[in-house]
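**Student:** With the sequences and hints as input, model every part of the structure.
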Amino acid sequence: MEANGSQERQPRHGSLSADHESQQLQPGDARSNSKGGWITFPFLAVAMLGLGVARGGATSNFVVYLVKKYNVPRVDAAQISSIALGCLSLAPVGGAIVADAFFGCYPVVAVAMVFSVLALVMFTLTASLRCLRPASCPLDAAAGRPCELATTGQMAALYAAVFMLCVSAGGARFNQATLGASQFDAAADRDVLFNWYFARFSIPDNVSWALGYAISGAASVAGLAALLAGTPYYRRPAAQGSPFTGLARVAVAAARKWKVNLAAASEEQRFYYGRRGAGSAGDKDGDDVSDGTSSLAAPSDSFRFLNRAALITDGDVAPSDGSVFRPWHICTVQEVEDFKTVLRILPLWTSSIVLSVAFGTQINFTVLQALAMDRALGGGFTVPAGSMTVVVLVSVVVSLVLLDRALLPLWRRLTGHTPTPLQRIGAGHALAVLSLAASAAVEGRRMATVREEAAANDPAWVSPLSATWLVLPLALAGAGEALYFPGGVTLYYEEFPPPLRNTSTGMVAVIIALGFYLSTALVGVVRHATAWLPDNNMNASRLENLYWLLAVMVAVNFVYYLLCAKLYKYQKVGK
1 MEANGSQERQ
11 PRHGSLSADH
21 ESQQLQPGDA
31 RSNSKGGWIT
41 FPFLAVAMLG
51 LGVARGGATS
61 NFVVYLVKKY
71 NVPRVDAAQI
81 SSIALGCLSL
91 APVGGAIVAD
101 AFFGCYPVVA
111 VAMVFSVLAL
121 VMFTLTASLR
131 CLRPASCPLD
141 AAAGRPCELA
151 TTGQMAALYA
161 AVFMLCVSAG
171 GARFNQATLG
181 ASQFDAAADR
191 DVLFNWYFAR
201 FSIPDNVSWA
211 LGYAISGAAS
221 VAGLAALLAG
231 TPYYRRPAAQ
241 GSPFTGLARV
251 AVAAARKWKV
261 NLAAASEEQR
271 FYYGRRGAGS
281 AGDKDGDDVS
291 DGTSSLAAPS
301 DSFRFLNRAA
311 LITDGDVAPS
321 DGSVFRPWHI
331 CTVQEVEDFK
341 TVLRILPLWT
351 SSIVLSVAFG
361 TQINFTVLQA
371 LAMDRALGGG
381 FTVPAGSMTV
391 VVLVSVVVSL
401 VLLDRALLPL
411 WRRLTGHTPT
421 PLQRIGAGHA
431 LAVLSLAASA
441 AVEGRRMATV
451 REEAAANDPA
461 WVSPLSATWL
471 VLPLALAGAG
481 EALYFPGGVT
491 LYYEEFPPPL
501 RNTSTGMVAV
511 IIALGFYLST
521 ALVGVVRHAT
531 AWLPDNNMNA
541 SRLENLYWLL
551 AVMVAVNFVY
561 YLLCAKLYKY
571 QKVGK
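Each residue of the sequence shown is one higher than the one before, starting from 1 at the first, in the UniProt record's numbering.
Treat the hints with care, as some may be off.
[As the list claims (entries may be wrong)] Lysine-lysine pairs mimicking DSBU-like chemistry, simulated, CA-CA at most 35 Å apart:
| # | residue 1 | residue 2 |
| --- | --- | --- |
| 1 | Lys566 | Lys257 |
| 2 | Lys259 | Lys566 |
| 3 | Lys569 | Lys257 |
| 4 | Lys569 | Lys259 |
[Claimed, not checked] Beta-carbon label-pair distances, calculated as ranges:
| # | residue 1 | residue 2 | range |
| --- | --- | --- | --- |
| 5 | Asn536 | Ala454 | 43 to 51 Å |
| 6 | Gly416 | Ala441 | 35 to 43 Å |
| 7 | Leu343 | Val397 | 32 to 40 Å |
| 8 | Pro327 | Val525 | 16 to 24 Å |
| 9 | Trp532 | Ala263 | 53 to 61 Å |
| 10 | Leu563 | Cys147 | 46 to 54 Å |
| 11 | His528 | Ile39 | 53 to 61 Å |
Keep in mind that the hints were calculated from the coordinates and are not lab data.
Note that the coordinates shown come from a computational prediction; the quantities given were computed from them, not determined experimentally.
Where a beta carbon is used, it is the ideal one built from N, C-alpha and C, also for glycine.
**Tutor:** Take a look at the structure:
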């Protein structure tokens, strides 16, 4: 998938990342041997599972909850769900920044788990207390019988629960992965952690809304207890300050020195590598100073215009020890290289946005499809429509087990190397196209039964087509997730500079959030421009057209991804 078979690592420059790494627990020191390791895995796994159950229990049936308990029109419910899921996905970016800049991962995760418990308590109250929701409106109500709408106060109570869940996701969702990764020294162990981080699943609601939320709340309490119980064993790297300050300084310093002639400057001026005696990743003696005559490598030629930020000009640094006088005029070479690393990854990152848009749209509308299909499994048991999405989560778990225990070892035996993150992400893209095509085919078959029975004008009519036909597209979607999400987290975590590692795992969160928000916008455009999505009648819809549109978009985006992957050169993965 990548044409650049070589995975050269660029020379390490300066002291920024070296200083950051030196502040972390090193594999050889006593503290590292007494803290972290596999003893922490059970505690972290239960905490991750507890958070996954809480989030899944609150969101997997959210569309159905809005339709059945708050009398929200179906397509509007899908839109509201997308906005809520976007919030749940974007909040982890803020949580990663807070952890990086101020508190570190562990306290942020602990507080977030408390908010998870509070959120599920609030969801349970909305499901239990009649005063917090409108009167029930049967789905087969006559057209002339309007349903009671929720009051502002009732919606405020529901949105308060969603807000607390967003705070919980913001603090814990990706900081959990970073906290877990910091417990292990070997990259292979971190890969296992990242894989199982995405194997969390939710318990569907089969009995009552209140009981379903209560079960999720109990799981969240268990997760919080497990996290706290493992406290004596965790490595707890300290916060390193805002990771974005250094990036901003590079941009500002390069802009201020825009008129400097780099070709002439390379002979007459020196590049700044850090304060004298600070040391570097490759120099144990601490002799790499701001003196440009040292043997340190010059900045790389890619994005060469940024190298101006590391040029020493009059008044930038002290001649005696290299300390910085004007921090927004000068940066170390390593800070410049870190900024370049972020720029190199951005095209790959953008290639995942369309994938996330398609996934968010597919999940929400699959729930609406299930509401209009036969969900009986025999024995009087009917599968809740929202619980159909659990197929995705089960598929993720099964796919990760197969990958870890069978497919990846087989790949290594056949090829002599492990699949790269880009190869895993690319395979996920391909499965996403197949999943959307399968969803379109299933919806086409459902609409065929609608036409056979002339039921297009009856919104309450349920197709005799079994909802189990939705298992195939959902299973393909889950298998795709098991490939591209862990692959993406591994790529960002390993390739990003150490000061940005908490934030790097949040890059996936931004992709997911953008996907849900853009999904809302896409559905809005489709509703405005076509008659494919009527408000409250799936039997008069042309949902299969939307799925085919998404399949084409993802296929075209796959070509863009392949181009980005071909041009990208790994900096650290595999080293």
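**Student:** Hints numbered earlier in the text: which of these fail when held up against the supplied structure?
**Tutor:** 5, 8
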